[in-house]
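> Each chain, letter by letter, is given below.
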Amino acid sequence: MSSNLTLRAGVLSFVLFALFIAAWHIATRQIGAVANMDPEYAKLMGLTATTGKSAMPGPFDVAAKIWEHLKNPFYDRGPNDKGLGIQLAYSVGRVMLGYFIAVCVAIPTGFVIGMSPLMNKALNPFIQLMKPISPLAWMPLALYTIKDSAVSAIFVIFICSLWPMLINTAFGVASVRKEWLNVARTLEVRPLRKAFTVILPAAAPTILTGMRISIGIAWLVIVAAEMLVGGTGIGYFVWNEWNNLSIVNVIISILVIGLVGMLLDQALARVARFVTYPD
Amino acid sequence: MPQYMNEDRFISIEGIARRYPKAGGGETTIFDDLWFSMNRGEFSAIIGHSGCGKTTVLNILAGLELPDEGVAVVDGRAIEGPSLDRAVIFQSHALLPWRTVLGNVAFAVSSRWPDWSADKVRDQAMACIEKVGLKGSELKKPAELSGGMKQRVGIARALSIEPKILLMDEPFSALDALTRGTLQDEVRRICLETGQTAFMITHDVDEAIYLADKIVLMTNGPGAMVAEIVDNPLPRNRGRIDLHKQPDYYALRNHLIDFLVTRSRSFKDEIPETYSKRHPPIVRPTASTSSATDSTLSAA
Chain X
1 MSSNLTLRAG VLSFVLFALF IAAWHIATRQ IGAVANMDPE YAKLMGLTAT TGKSAMPGPF
61 DVAAKIWEHL KNPFYDRGPN DKGLGIQLAY SVGRVMLGYF IAVCVAIPTG FVIGMSPLMN
121 KALNPFIQLM KPISPLAWMP LALYTIKDSA VSAIFVIFIC SLWPMLINTA FGVASVRKEW
181 LNVARTLEVR PLRKAFTVIL PAAAPTILTG MRISIGIAWL VIVAAEMLVG GTGIGYFVWN
241 EWNNLSIVNV IISILVIGLV GMLLDQALAR VARFVTYPD
Chain Y
1 MPQYMNEDRF ISIEGIARRY PKAGGGETTI FDDLWFSMNR GEFSAIIGHS GCGKTTVLNI
61 LAGLELPDEG VAVVDGRAIE GPSLDRAVIF QSHALLPWRT VLGNVAFAVS SRWPDWSADK
121 VRDQAMACIE KVGLKGSELK KPAELSGGMK QRVGIARALS IEPKILLMDE PFSALDALTR
181 GTLQDEVRRI CLETGQTAFM ITHDVDEAIY LADKIVLMTN GPGAMVAEIV DNPLPRNRGR
241 IDLHKQPDYY ALRNHLIDFL VTRSRSFKDE IPETYSKRHP PIVRPTASTS SATDSTLSAA
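Each protein sequence line maps, in turn, to chains X and Y. Residues in the first sequence are numbered from 1 upward in steps of one, following the numbering used here. Residues in the second sequence are numbered from 1 upward in steps of one, following the numbering used here.
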């Protein structure tokens, strides 16, 4: 029954995809109405005007370009012409670095906030105030203080990944069931052992949820941050290709950004499955 | 006359009180000036209606709560906090769901003996798992177990640290009648075999009659009191099957039921002159004592 459902869903997905490609192809195909005009003028106007060709690339143009990228993802022909693989590697690297620092800060701090009602009350106003700030708003301040655009981008990733992890860790730690804590108390478990053997595993699913939210936000933010910072990365690539008026590459970038974001999320979802306990 | 009152008082509750702040100011006294004691190797049960502070008494014995007045003394030392000498079997079993059965028991064992090698911890844990009849399920997670099996793990975990006292907070109340019966048998067997001192909260009269040597009757709260301590007249080798055939069974049962139904409420208004909070009367209802409600043997 469930395999039947999977099969039907797969078929439906494929049909929808095919319909989308077909619609896209029809919408961007050459209309063929060639205007009768002066050849000099036609040269100036380009194919769009002279042959009725849409400026929007069709699915086959995109597919061909993807194939080209796949064949050579890591070429480097100077600052404005790097392979898609290299650009992605820069972006993923920045996200990983900023995210990793945020994990190192958010989880211990979240533990402290979750375990101490005093700290919770004392820090709550700051967290509530900082949380809704768009991470990009930090960018000028980061550029001014850090004076390095690459590090500033990492800082922006750090600051945007911090809050969901911090809040979820604090919440997960604070809501560990009292009976489990009582078990630890009656067994005279020392605080550090209690933190690692009772509180951490109990709060792990909530913490992982926060980490998943954070990686999603970090990946959203890196594209915008790189558009601002420039130089390298997939965000810079999108903007650069827009300036080149290469819509094909813009579309490919969008696709690739979605793909990498999905992979990052799925990777954490897999980790989450390890620490989730049925209750 | 029961003689044990002046014998070795293994656990002694001496004038404890517990108060909570009331919503609109002031305090609610759950109980105050509460006195009773238990002997080594004895199985005591405390019976009373919800809200009379039974769980508070158990929490004080466990060290999870401290009394506002008075002390609880175990083996000559006042309780100041939780201790590995006193194991608790929780009503909700309180197993760690991310650990296996073995992992849950081993957690307790390695807390008790931090220096033990992993093998030794495992052996001790396995021995306790076998004792409660869960051999073969040691690698299952709690979610894969039935309610009765979970509570068996709770019992194994409590026994594994070889506590001086076993504290049980209505351990079987969430189980179906058949499972409850089997687990009562197991707990009784284990306690008799090892001479385990045990203290149990229950609201099941038959459970108290079957398991306990001594039944503490608590009146309704707030301001709950120990009305009396019932000395179980049934023979120590009593079995579940012939429990109701024991000559004193009905006298005892009627006495307990009568207490729960009427006297737990009315006791406060008709306190006997001889009553002393410090020495609650000890009662031994038997078939020969004429009326079950008026069989006080000793008032001090």
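Worth double-checking, as some hints may not be accurate.
Derived EDC-like pairs (lysine to aspartate or glutamate); straight-line CA-CA distance at most 16 Å [stated by the list, open to error]:
1. Y:K277 - Y:E69
2. Y:K140 - X:D279
3. Y:K164 - Y:E138
4. Y:K164 - Y:E42
5. Y:K141 - X:D279
6. Y:K268 - Y:D32
7. X:K178 - Y:E65
8. Y:K164 - X:E188
9. Y:K131 - Y:E42
Just so you know, these hints were derived from the structure itself, not from any lab.
> The structure should be examined with respect to each hint, and the outcome stated for every one.
Hints, verified against the model:
Restraint check for K277 (chain Y) and E69 (chain Y): satisfied, since their Cα atoms lie roughly 15 Å apart, inside the 16 Å limit. At most 16 Å may separate the alpha-carbon atoms for a hinted pair to count; K140 (chain Y) and D279 (chain X) meet this at roughly 13 Å. Distance hint between K164 (chain Y) and E138 (chain Y) is unfulfilled; the C-alpha atoms sit about 25 Å from each other, more than 16 Å. The suggested pairing of K164 (chain Y) with E42 (chain Y) holds, with an alpha-carbon distance near 11 Å, which does not exceed 16 Å.
Restraint check for K141 (chain Y) and D279 (chain X): satisfied, since their Cα atoms lie roughly 10 Å apart, inside the 16 Å limit. A threshold of 16 Å between alpha carbons decides the hint, and for K268 (chain Y) with D32 (chain Y) the separation of about 13 Å falls inside it, so the pair holds. The suggested pairing of K178 (chain X) with E65 (chain Y) holds, with an alpha-carbon distance near 13 Å, which does not exceed 16 Å. Distance restraint check for K164 (chain Y) and E188 (chain X): the Cα-Cα separation of roughly 15 Å lies within the 16 Å cut-off, and the hinted pair is therefore satisfied.
Among the hinted pairs, K131 (chain Y) with E42 (chain Y) is inconsistent with the structure: their alpha-carbon atoms are about 20 Å apart, more than 16 Å.
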